[in-house]
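The chain contents come next:
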Amino acid sequence: MTLQEIADALKLDVKTNEHLLKREVTDGYASDMLSDVLAHAGEGSIWVTLQTHANIVAVAATKALAGIIIVNGRSPEAETLLKAEEEHVPIMISDHSTYGVVASLSALGVKGHERV
Amino acid sequence: MREYKVDLHIHTCLSPCADLAMGPKAIVREARRKGLDAIGICDHNSAANVPAVRKTAQREGMRVIGGMEVTSQEEVHVLALFDQEEELLALHDIVYRNLRDTSDEKLCGDQVIVNEEEEVLGFATKMLIGATDIGIERLVGIIHEHGGLAVAAHVDREGFGIIGQLGFIPEGLPLDALELADPARRTTIPHHERFAFITSSDAHTPRDIGSKYTRFVMEDVSVSEMKRSLEGEGGRRVSV
Numbered sequence: 001m002t003l004q005e006i007a008d009a010l011k012l013d014v015k016t017n018e019h020l021l022k023r024e025v026t027d028g029y030a031s032d033m034l035s036d037v038l039a040h041a042g043e044g045s046i047w048v049t050l051q052t053h054a055n056i057v058a059v060a061a062t063k064a065l066a067g068i069i070i071v072n073g074r075s076p077e078a079e080t081l082l083k084a085e086e087e088h089v090p091i092m093i094s095d096h097s098t099y100g101v102v103a104s105l106s107a108l109g110v111k112g113h114e115r116v
Numbered sequence: 001m002r003e004y005k006v007d008l009h010i011h012t013c014l015s016p017c018a019d020l021a022m023g024p025k026a027i028v029r030e031a032r033r034k035g036l037d038a039i040g041i042c043d044h045n046s047a048a049n050v051p052a053v054r055k056t057a058q059r060e061g062m063r064v065i066g067g068m069e070v071t072s073q074e075e076v077h078v079l080a081l082f083d084q085e086e087e088l089l090a091l092h093d094i095v096y097r098n099l100r101d102t103s104d105e106k107l108c109g110d111q112v113i114v115n116e117e118e119e120v121l122g123f124a125t126k127m128l129i130g131a132t133d134i135g136i137e138r139l140v141g142i143i144h145e146h147g148g149l150a151v152a153a154h155v156d157r158e159g160f161g162i163i164g165q166l167g168f169i170p171e172g173l174p175l176d177a178l179e180l181a182d183p184a185r186r187t188t189i190p191h192h193e194r195f196a197f198i199t200s201s202d203a204h205t206p207r208d209i210g211s212k213y214t215r216f217v218m219e220d221v222s223v224s225e226m227k228r229s230l231e232g233e234g235g236r237r238v239s240v
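Keeping their order, the protein sequence lines are chains A and B. Going by my numbering, the residue at position 50 of the first sequence is 50; the numbering climbs one at a time, nothing skipped. Going by my numbering, the residue at position 214 of the second sequence is 214; the numbering climbs one at a time, nothing skipped.
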């Protein structure tokens, strides 16, 4: 499954790095505590969060996540988008809640990233 | 110049999670009993009980620093401490306007505003444990514009601590200090050598007051002197 397929199916508003949407997504992770994402997300995960702070980009880049879906139609700060372009992190926005987004991802066959 | 024992993070009965016994008289009495030289009053997202504690403390010869524990949009807790009451109240107004939720007493507990005699004046009508719409960078900026001290609260605790919420401390964020819940964890904070540290009780009950405090060596008790101590200016210093 690629980011493009997910963006199309979930009608996501792609904010950064549209040219990287052919990236393969291995699984998914949802959390709003960035320390938890650093500890438990996996390479290639699509990350679902409501956080919009620029630190989400550093976390996604550090963990080599496939991309970020921001929920509830929240707008990332300009700084976040700027860093995302620099760090090659695709950011997409959904008008739906975390639960709704995760349910849609699950329906597409994206599994959760598990620690074990 | 002398050493002052200061517990800068004490809640009152205004914070829904704090004991109703945390009235101004009880707080000041307990602070004296614990041998503190000064206390900071930092309720969640409100400064409504600072004037009452200050009046009680003046009668008892205890020094009070007025403050708030503000919740940023990212759900990071930041202590904001001020010398000038009008600056504190200005921040209080900004924060109060930016609180998203309205209060439901059954859900969020009692948020009691009192006077110096511990008489109930009223109740805060917003949900004080909620987050504001103010991002962390903007929040620190607003605190500094009003001449306040911005301290990231309990950075060694996962919940509502800046590292827990944001993974790491954003580079260039001009925090004046980091607060530790446990001073022994100072060296576990990444890049701890770049920061000044305080420790405080985060007291929610009278018994907790003074269980942790910071030693400031400075000229007198004020936020501006504390800032100079945190920067190690002119022989001033701080230890946890």
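A couple of the hints might just be wrong.
[As the list claims (entries may be wrong)] A few chain A residues that face chain B, going by a derived Cβ cut-off under 10 Å, partial list only:
#	residue
1	Asp13
2	Val14
3	Asn17
4	His19
5	Ala54
6	Ile56
7	Thr98
[To be verified] Label pairs and their computed distance ranges (CB to CB):
#	chain 1	residue 1	chain 2	residue 2	range
8	B	Thr125	A	Asp32	20 to 28 Å
9	A	Val14	B	Glu117	38 to 46 Å
10	B	Thr188	A	His40	33 to 41 Å
11	A	His19	B	Arg207	41 to 49 Å
12	A	Glu24	B	Gln84	20 to 28 Å
13	B	Thr125	A	Gly73	47 to 55 Å
14	A	Gly73	B	Gly232	43 to 51 Å
15	B	His144	A	Glu5	51 to 59 Å
16	A	Val116	B	Arg2	50 to 58 Å
17	B	Pro174	A	His40	29 to 37 Å
Calculated from the structure, these hints are not laboratory results. Computed from a predicted model, the values in this text were never measured in an experiment. Here a beta-carbon is modelled for each residue, glycine too, at the ideal position from N, C-alpha and C.
Outcome of the hint check:
1. Asp13: violated (20 Å)
2. Val14: violated (23 Å)
3. Asn17: violated (20 Å)
4. His19: For His19(A), the interface hint is violated, since the closest Cβ of chain B sits about 26 Å away, which is over 10 Å.
5. Ala54: holds (7 Å)
6. Ile56: This hint holds: Ile56(A) lies near chain B, its Cβ roughly 8 Å from the closest one there, short of 10 Å.
7. Thr98: With Cβ-Cβ at 14 Å, over 10 Å, it is violated.
8. Thr125(B) / Asp32(A): 20 to 28 Å: The hinted range 20 to 28 Å holds for Thr125(B) and Asp32(A), with Cβ atoms some 27 Å apart.
9. Val14(A) / Glu117(B): 38 to 46 Å: Violated, since Val14(A) and Glu117(B) (Cβ atoms, about 60 Å apart) do not stay within the stated range.
10. Thr188(B) / His40(A): 33 to 41 Å: At roughly 19 Å between Cβ atoms, His40(A) and Thr188(B) fall outside 33 to 41 Å, so the hint is violated.
11. His19(A) / Arg207(B): 41 to 49 Å: violated (60 Å)
12. Glu24(A) / Gln84(B): 20 to 28 Å: violated (56 Å)
13. Thr125(B) / Gly73(A): 47 to 55 Å: violated (28 Å)
14. Gly73(A) / Gly232(B): 43 to 51 Å: holds (46 Å)
15. His144(B) / Glu5(A): 51 to 59 Å: With a Cβ separation near 46 Å, His144(B) and Glu5(A) fall outside 51 to 59 Å, so the hint is violated.
16. Val116(A) / Arg2(B): 50 to 58 Å: At 56 Å between Cβs, range holds.
17. Pro174(B) / His40(A): 29 to 37 Å: Hint holds: Cβ distance 31 Å, inside 29 to 37 Å.
Hints 1, 2, 3, 4, 7, 9, 10, 11, 12, 13 and 15 from the list above are not met by this structure, while the remaining hints are.
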